[in-house]
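2 protein chains.
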Amino acid sequence: MIQIFGLPKMPLVKAGDRIGDQLVRAAKDASIRIEDGDIIVVAQKIVSKAEGNVVTLNSVEPSALAKTVAIGACKDPRHVEIILREAAGILRMQGAHLIVETRHGFVCANAGVDKSNVGANDSVALLPVNPDESARAIRERVHELTGIDVGVIISDTFGRAWRNGQTNVAIGVAGLDPIMDYRGTQDMFGAQLNVTQIAIADELASAAELVMRKRDGVPVVIIRGVKYVRAPGSVRSLIRPKEEDLFR
Amino acid sequence: MIQIFGLPKMPLVKAGDRIGDQLVRAAKDASIRIEDGDIIVVAQKIVSKAEGNVVTLNSVEPSALAKTVAIGACKDPRHVEIILREAAGILRMQGAHLIVETRHGFVCANAGVDKSNVGANDSVALLPVNPDESARAIRERVHELTGIDVGVIISDTFGRAWRNGQTNVAIGVAGLDPIMDYRGTQDMFGAQLNVTQIAIADELASAAELVMRKRDGVPVVIIRGVKYVRAPGSVRSLIRPKEEDLFR
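Here the protein sequences come in this chain order: P and V. Position 68 of the first sequence, counted from 1, bears residue number 68 in this note's numbering, the numbering being contiguous throughout. Position 165 of the second sequence, counted from 1, bears residue number 165 in this note's numbering, the numbering being contiguous throughout.
None of these hints come from the bench; they were simulated from the model. As the structure is a prediction and not an experimental result, all values here were calculated from the model. Any given hint could be a false lead.
Identical copies go unnamed one by one, so any copy, or any two together, can satisfy a pair.
[Unchecked claim] Each computed SDA-like pair below joins lysine to any residue, with the alpha-carbon atoms no more than 25 Å apart:
1) Lys75 - Gln197
2) Lys14 - Met188
3) Lys75 - Leu246
4) Lys14 - Lys67
5) Lys75 - Asp181
6) Lys115 - Gly95
7) Lys227 - Leu145
8) Lys227 - Glu86
9) Lys9 - Lys227
10) Lys28 - Arg141
11) Lys242 - Asn130
12) Lys67 - Asn121
13) Lys9 - Tyr228
14) Lys115 - Leu12
15) Lys115 - His97
16) Lys75 - Pro62
17) Lys14 - Ala231
18) Lys28 - Gln3
19) Lys9 - Arg224
20) Lys28 - Thr102
21) Lys242 - Ile99
22) Lys242 - Ala161
23) Lys67 - Asn53
24) Lys115 - Pro11
25) Lys227 - Gly147
26) Lys115 - Gly217
Isolated chain P (complex conformation) (with noise of 0.2 Å):
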């Protein structure tokens, strides 16, 4: 059995506190147990904001670029630029959509550049610089305050092709192998498998998002008891190459 819960105490982060120490504490102040192979769910946002990746709109100036997009898409150009600055490539830009590609490889919509929930009205939260380092910098936390081995997944909700609606899915891993390998072994009938790799880390971010939700404030969700290959771990192995990609 798989059990998916929220860590219930996790405070308000603020730039620079240490996500690892904060969601042991809040595991201990809830008598939650952190076990060995766990998997921890961490919301992009804290690690944003503890990171102090948050930037003031204020003291950004809108290239003319971003100030001709600005309107295109009703946003404001000071968001917009910050948007093209975290983009290394676009791949649409249509209506309110503006859909790129970041400079860790994601492709989504504003770049991940968000306002919601960074608890300032002037203010949006970028992607962290290197997700797999945040999850790698927690996952060593825990096990140094713990000596409990975990995996961390830091989560984003993303848009899809094709599909209404946004998921959670992976944009840091440490200490899981982010995708179930099932090349070169057979179906219940000795057949070769069709479905050859699984994208467990997004599953596992999807699966966290049924806890989390948006409005409730629950940024960390511990999943426990899932069967997955223990591995330093890189989102890397997700992002498809752009050669690869029959959709850019």
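Got chain P; can you put chain V on it based on the hints?
Using the frame of chain P, we list chain V on its own:
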């Protein structure tokens, strides 16, 4: 807390079986009580088998087009013929990749036509003709037999644009709104939420996959403790209309 567990005693499904009867019996045999509000996720493969939606390759005469495509894709031309018959449109045909829109409106590889876990070497399973209706029938049968109100999701494993690996998504829905709609609501700090519509049926399908696993033969999974909106529901809510899709 959310709990996810498989039904361990599901029999091998064959044409004409009623999944609703089988899963209620399997739950009983395993001393599992189905509870009000449970989400039951059923793998597409057993639904297709129960509905007799399996085609023997020997019964298929490939067209000239199927033969040509099969050479490029290194596939059996009869398999390609079935894929083309299931397709309402073709998005990409490149190397071994055949990404199509199915008659239902799903965008996926090979129109969901799949050899694995069918149990006969020369046969392939197609997607259910009307997966919402399949879900509804299971939901109603569970209610008839137990008096319990559940949500039902038929799931399949699809690839995505931009990201490696496949994840489970919903292809049929009954008893829940597949989208959790946050439009017009506020974040923790009173600001408008940026993320507005969460595809919880897809997240539930992904969460179920963590228990299903391809090789393990766990085609029915129960998810307990999820807050969702009860509604007749339809997977159509998850299908982005072509004219609104930036990636066709």
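Right, here's what the structure says about each hint:
Taking the closest pair of Cα atoms, Lys75 and Gln197 come within 25 Å of each other only across two copies (19 Å); inside a single copy the shortest separation is 38 Å, beyond that limit. For the identical chains of this complex, Lys14 and Met188 are inter-copy neighbours only, at 15 Å across copies versus 50 Å inside a copy, given an alpha-carbon limit of 25 Å. Taking CA atoms no more than 25 Å apart as the test, Lys75 paired with Leu246 passes between copies only; the shortest distance there is 19 Å, against 30 Å inside one copy. Taking the shortest alpha-carbon separations for Lys14 and Lys67, neither the intra-copy value of 31 Å nor the inter-copy value of 61 Å comes in at or below 25 Å.
Proximity of Lys75 and Asp181 under a CA criterion of 25 Å is satisfied inter-copy only: 22 Å between copies versus 41 Å inside one chain copy. Proximity of Lys115 to Gly95 under the C-alpha cut-off of 25 Å is restricted to the intra-copy arrangement: shortest distance 19 Å within a copy versus 42 Å between copies. Within a single copy, Lys227 and Leu145 get their C-alpha atoms as close as 24 Å, which meets the 25 Å cut-off; across copies the closest is 33 Å, which misses it. Taking CA atoms no more than 25 Å apart as the test, Lys227 paired with Glu86 passes in neither setting, with 35 Å inside one copy and 35 Å between copies.
For the identical chains of this complex, Lys9 and Lys227 are inter-copy neighbours only, at 20 Å across copies versus 27 Å inside a copy, given an alpha-carbon limit of 25 Å. In this assembly of identical chains, the alpha carbons of Lys28 and Arg141 lie at most 25 Å apart only when taken from the same copy (15 Å versus 44 Å across copies). In this assembly of identical chains, Lys242 and Asn130 lie within 25 Å of each other by CA distance solely inside one copy; the values are 20 Å within and 35 Å between copies. Within a single copy, Lys67 and Asn121 get their C-alpha atoms as close as 20 Å, which meets the 25 Å cut-off; across copies the closest is 60 Å, which misses it.
Taking the closest pair of Cα atoms, Lys9 and Tyr228 come within 25 Å of each other only across two copies (23 Å); inside a single copy the shortest separation is 27 Å, beyond that limit. In this assembly of identical chains, the alpha carbons of Lys115 and Leu12 lie at most 25 Å apart only when taken from the same copy (16 Å versus 50 Å across copies). Within a single copy, Lys115 and His97 get their C-alpha atoms as close as 16 Å, which meets the 25 Å cut-off; across copies the closest is 38 Å, which misses it. Proximity of Lys75 and Pro62 under a CA criterion of 25 Å is satisfied intra-copy only: 12 Å inside one chain copy versus 52 Å between copies.
Taking the shortest alpha-carbon separations for Lys14 and Ala231, neither the intra-copy value of 30 Å nor the inter-copy value of 39 Å comes in at or below 25 Å. Within a single copy, Lys28 and Gln3 get their C-alpha atoms as close as 18 Å, and across copies as close as 22 Å, so both meet the 25 Å cut-off. For the identical chains of this complex, Lys9 and Arg224 are neighbours both inside a copy (19 Å) and across copies (23 Å), given an alpha-carbon limit of 25 Å. Within a single copy, Lys28 and Thr102 get their C-alpha atoms no closer than 36 Å, and across copies no closer than 50 Å, so neither meets the 25 Å cut-off.
Taking CA atoms no more than 25 Å apart as the test, Lys242 paired with Ile99 passes in both settings, with 15 Å inside one copy and 17 Å between copies. Proximity of Lys242 and Ala161 under a CA criterion of 25 Å is satisfied in both settings, with 16 Å inside one chain copy and 10 Å between copies. When the C-alpha separation of Lys67 and Asn53 is checked against a cutoff of 25 Å, the pair qualifies only within one copy, where the shortest distance is 23 Å, while the shortest distance between copies is 54 Å. Within a single copy, Lys115 and Pro11 get their C-alpha atoms as close as 20 Å, which meets the 25 Å cut-off; across copies the closest is 50 Å, which misses it.
Only within a single protomer do Lys227 and Gly147 lie at most 25 Å apart by alpha-carbon distance; the minimum there is 20 Å, versus 34 Å between protomers. When the C-alpha separation of Lys115 and Gly217 is checked against a cutoff of 25 Å, the pair qualifies only within one copy, where the shortest distance is 15 Å, while the shortest distance between copies is 43 Å.
The structure does not agree with the numbered hints 4, 8, 17 and 20 stated previously, though it agrees with the rest.
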